[in-house]
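Protein chains in written order, with the working numbering: chain A, 1 to 109; chain B, 110 to 222.
Hints in this document: simulated from the structure, not taken from any laboratory. Fair warning: this is a prediction, and the values are worked out from it, not measured in the lab. Hints may contain errors.
Stated by the list, open to error - Here are a few chain A residues that face chain B, going by a calculated C-beta distance under 7 Å:
1) 32
2) 42
3) 43
4) 46
5) 51
6) 96
7) 101
Claimed, not checked - Below are the DSS-like pairs computed for lysine-lysine, each with C-alpha atoms no more than 27 Å apart in a straight line:
8) 56/A - 96/A
9) 52/A - 118/B
10) 166/B - 96/A
The beta-carbon is built from N, C-alpha and C at its ideal position, and this holds for glycine as well.
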Amino acid sequence: GNSVTQMEGPVTLSEEAFLTINCTYTATGYPSLFWYVQYPGEGLQLLLKATKADDKGSNKGFEATYRKETTSFHLEKGSVQVSDSAVYFCALNTDKLIFGTGTRLQVFP
Amino acid sequence: DSGVTQTPKHLITATGQRVTLRCSPRSGDLSVYWYQQSLDQGLQFLIQYYNGEERAKGNILERFSAQQFPDLHSELNLSSLELGDSALYFCATSEGDLNSPLHFGNGTRLTVT
Numbered sequence: 001g002n003s004v005t006q007m008e009g010p011v012t013l014s015e016e017a018f019l020t021i022n023c024t025y026t027a028t029g030y031p032s033l034f035w036y037v038q039y040p041g042e043g044l045q046l047l048l049k050a051t052k053a054d055d056k057g058s059n060k061g062f063e064a065t066y067r068k069e070t071t072s073f074h075l076e077k078g079s080v081q082v083s084d085s086a087v088y089f090c091a092l093n094t095d096k097l098i099f100g101t102g103t104r105l106q107v108f109p
Numbered sequence: 110d111s112g113v114t115q116t117p118k119h120l121i122t123a124t125g126q127r128v129t130l131r132c133s134p135r136s137g138d139l140s141v142y143w144y145q146q147s148l149d150q151g152l153q154f155l156i157q158y159y160n161g162e163e164r165a166k167g168n169i170l171e172r173f174s175a176q177q178f179p180d181l182h183s184e185l186n187l188s189s190l191e192l193g194d195s196a197l198y199f200c201a202t203s204e205g206d207l208n209s210p211l212h213f214g215n216g217t218r219l220t221v222t
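Isolated chain B, as found in the complex (with noise of 0.2 Å):
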C-alpha cells in the first residue's frame, strides 16, 4: 500500500460531460502529481502542484484543470469530454526533492463512452 487513496476507482461517463477525480497524498507527502496512462500515449505528465501551487506543467489540455487545497489533497477536473480522454489517471505524491520518489495511486479508470 502505497499511501496514496485515488477515488473513484472506476468512472464511465458519456462525451461532453464533466468529472473530478480526487486524490489523498500520503501523510507528510507536499507534492502532487497527476498522469495519464494510456495505450497508445504511455504515462503522460499532466501537472505538479507543491504546497497548494501550481509548480509544472505538462501535457495537460485547456479542458483539464487541477488544484490542491489546503490540507494538500488535490482534485483533477476533466470537462467537455471526448472519447479520447478514456485513460487510466494517476496521481502520485512525493515529500517534493527531486531525488525523492514519487508514491502512486492504484488510479481511476475513465470511460467516456
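Just chain A, with the same shape it has in the complex (with noise of 0.2 Å):
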C-alpha cells in the first residue's frame, strides 16, 4: 500500500544552519507530495507541495524536489530561523492524503 517514511526527530540545530529533513514514499502511480507545518496549538498548514516527477517546491524559504528516482521528497532550507520550531510532515495523496510520522525540528538561538 501507500505509505511515507520521514526521518525521526527530534532535528535540533543552531539558528543559520542548514536543515535537511529526510523523506521517502512507497505509491502506485503518481501522486503528488506534500509538506505541511504544525506549530504548537495549531492545526497542519501546507508548505509546499509537487505534482509531478522533477517537481521544486518551495515558500518560506524552504524547497523539496519530487525525485521519482529515489521515491523521495526531502525538506532542505539553507539557514534556519527560531521561528521554524515546529512538527514537518510529510504527505503523499493518491486516492486520499498519507502523512509521514513527523519530525520535530527545534533551532536554538
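Take the two lone chains and join them into the complex the hints point to.
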C-alpha cells in the first residue's frame, strides 16, 4: 500500500544552520507530494507541494524536489530561524492524503 | 486563519460516553477529512467525505462514525469511549481535487478519563 517514511526527530539545530529532513515514499501511480508544518497548538498548514516528477516546491525559504527515481521528497532550508521550530509532515496524495509520522525541528539561538 | 472551524476546542469526558465533534469547512471546500493525532500513533486518517458522500475510509473504528450534511459541515461521532481514544482530532477541508491542499482546523482535544 501507499506509505510515507520520514526521518525521526527531534532535529536540533542552531540558528542559521542548514536543514534537511528526509522523506521517502511508496506509492502506486503518480502521487502528489506535500510538506505540511504544525506550529504548537495549531493545525497543520501547507508548506509546499509538487505534483509531478522533478518539480520543485518552495515557500518561505524551504524547498523540496520530487525525485521519482529515488522516491524521495526531502525538505531543505539553507538557514533556519528560531521561528521555524515546529513539526514537519511529509505527505502523499493518491486517493487520500497519507502523512508521515512527523519530524520535530528545534532551532536554538 | 485557515477558515476551518472546529468545535469544541477541548472536551473532557468519561469512559463509555459518546461525544460529537463538529467541523465547518472553508468557504467553497467540498471535501472534509477527519484525522486523529496521538503521541504514539502520529496522524491517522479516519475518513473523508466529498459533497455529502463518503469517499475514503482509513483506520476508523466501528465505534466511530461521521457524516457530512447538505450545508457541508461535518460531524464526527465517537461512542463507547475508551482511555485510548484520548487524542487531538483534526478536521481538514479542500476543494476536492487530489492536488488541492488541505486546510486544517485547530483541532479538538479529547480527554477520556
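Each hint tested on the structure:
1. 32: holds, 5 Å
2. 42: holds, 6 Å
3. 43: Holds - the Cβ of residue 43/A comes within 7 Å of chain B, reaching about 3 Å at its closest.
4. 46: With a closest approach of 4 Å, the residue 46/A hint holds.
5. 51: For residue 51/A, the interface hint holds, since the closest Cβ of chain B sits about 5 Å away, which is under 7 Å.
6. 96: This interface hint holds because 4 Å falls under the 7 Å limit.
7. 101: Holds, about 4 Å.
8. 56/A - 96/A: Judged against 27 Å, a Cα distance of about 22 Å means the pair holds.
9. 52/A - 118/B: violated, 37 Å
10. 166/B - 96/A: Measuring from Cα to Cα gives roughly 9 Å; hence the hint holds.
Going down the numbered hints, you'll see the structure goes against just number 9.
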